[in-house]
Amino acid sequence: GAGVSQSPSNKVTEKGKDVELRCDPISGHTALYWYRQSLGQGLEFLIYFQGNSAPDKSGLPSDRFSAERTGGSVSTLTIQRTQQEDSAVYLCASSLSASSYNEQFFGPGTRLTVL
Amino acid sequence: KNQVEQSPQSLIILEGKNCTLQCNYTVSPFSNLRWYKQDTGRGPVSLTIMTFSENTKSNGRYTATLDADTKQSSLHITASQLSDSASYICVVSVQGYSTLTFGKGTMLLVSP
Chain A
1 GAGVSQSPSN KVTEKGKDVE LRCDPISGHT ALYWYRQSLG QGLEFLIYFQ
51 GNSAPDKSGL PSDRFSAERT GGSVSTLTIQ RTQQEDSAVY LCASSLSASS
101 YNEQFFGPGT RLTVL
Chain B
1 KNQVEQSPQS LIILEGKNCT LQCNYTVSPF SNLRWYKQDT GRGPVSLTIM
51 TFSENTKSNG RYTATLDADT KQSSLHITAS QLSDSASYIC VVSVQGYSTL
101 TFGKGTMLLV SP
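The listed protein sequences derive, respectively, from chains A and B.
Per our numbering, the first sequence starts with residue 1, numbered consecutively.
Per our numbering, the second sequence starts with residue 1, numbered consecutively.
The shape of chain A in the complex, shown without the other chains:
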């Protein structure tokens, strides 16, 4: 019965380091989404998974960003060689399936700060 969980809740890193953000979706949800929320901006779509496949990666801002999902469950968003402009809250959401009519349930987010 738990909701979407994300870890860590906060991450402070130095410019140039790699970071991994984790998302545990609601059990049974086949679709998983990653978003980025910068201060004063709306949510920005990054990538979504249907099962372990990523049909739409169009939102990834650069090749430093990648994501994977294994076993149709946990997903990891990796940012390589972090830059200060990567600082934001990274939100994960899951839904029963990748239909626009299915509600997306959001996790609490990971706040990433790149110094």
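One thing to keep in mind: the hints can contain errors.
Residues from chain B shown here face chain A by an in silico Cβ test under 7 Å; the list is partial [claimed, not checked]:
| no. | residue |
| --- | --- |
| 1 | Ser31 |
| 2 | Arg42 |
| 3 | Gly43 |
| 4 | Pro44 |
| 5 | Ser93 |
| 6 | Thr99 |
| 7 | Gly103 |
Think of the hints as simulated: they come from the structure by calculation, not from any bench.
Note that beta-carbon positions come from the ideal geometry of N, C-alpha and C, so glycine has one too.
Add chain B to chain A, keeping to what the hints say.
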């Protein structure tokens, strides 16, 4: 380009008062529109969803309206409470696509 514009950007009201938040969109072809509430430090939570054929939907003290012809939606909050203080985000989806288009949100502060 699909866009969602919300107004006002921020709003302060007294506890017990009503307020209305606005959303204009240029998403096409339209599938559905949701209003989300996002408390500080939390993920967004869906309040209402409306499809093309629906023009009003209520959830407790929250009532959303949709005018698909003018591509406008509003969220009306009745008898506001301190716990209503949050960001309210209008989200529109496109037919045939799973991804959503988000507005930047209206930050509501309910003051005692």
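> Which numbered hints turn out to be false for this structure?
Replying inline: Going through the list in order, the structure violates no hint and respects every one.
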